[in-house]
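Q: Sequence:
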Amino acid sequence: MDNRREWSIYRDELVSAIVSLGFPGEFGNQIAKQLGSPKAMQRMIRYLNNVRPHSAEILAA
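Counting from 1, position 54 in the sequence shown corresponds to residue 38 in this note's numbering; the numbering is continuous, with no gaps.
These are computed hints drawn from the structure, not numbers from a lab.
In this text, a Cβ means the ideal position worked out from N, Cα and C, and glycines have one as well.
Take the hints with a grain of salt, since some may be wrong.
[Said to hold, decoys possible] Straight-line distance between alpha carbons at most 20 Å, and here's what the computed EDC-like set of lysine to aspartate or glutamate pairs gives:
| hint | residue 1 | residue 2 |
| --- | --- | --- |
| 1 | 17 | -3 |
| 2 | 23 | -14 |
| 3 | 23 | -10 |
| 4 | 17 | -4 |
[To be verified] For each label pair, taking beta carbons as the anchor points, the in silico distance ranges come out as:
| hint | residue 1 | residue 2 | range |
| --- | --- | --- | --- |
| 5 | 31 | -11 | 18 to 26 Å |
| 6 | 44 | 23 | 15 to 23 Å |
| 7 | -7 | 14 | 17 to 25 Å |
| 8 | 9 | -13 | 20 to 28 Å |
| 9 | 42 | -14 | 30 to 38 Å |
Can you build the whole structure from these sequences, using the hints too?
A: If you want it as structure tokens, here you go:
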């Protein structure tokens, strides 16, 4: 899979997971940029689905 396409797919999944927790989509885009790789975004998606944090500070740390 092309790296840009993979990055885009995981970014969209990450933004969707963050929005489902009640945070704005732009926050999800910023988190994706900071994570920087599809593998890191995949790990964050798993974390969000398992822990379901309620604070933006926990996500941004």
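Q: Now, for every hint given, state plainly whether the structure supports it.
A: Right, here's what the structure says about each hint:
1. 17 / -3: Holds. Residue 17 to residue -3 sits at ~13 Å (cutoff 20 Å).
2. 23 / -14: Given pair residue 23, residue -14 holds - Cα atoms ~14 Å apart, limit 20 Å.
3. 23 / -10: holds, 10 Å
4. 17 / -4: holds, 12 Å
5. 31 / -11: 18 to 26 Å: holds, 23 Å
6. 44 / 23: 15 to 23 Å: holds, 19 Å
7. -7 / 14: 17 to 25 Å: holds, 18 Å
8. 9 / -13: 20 to 28 Å: Given range 20 to 28 Å: holds, Cβ gap about 23 Å.
9. 42 / -14: 30 to 38 Å: Distance hint for residue 42, residue -14 holds at roughly 32 Å.
Taken one by one, the earlier hints all hold for this structure without exception.
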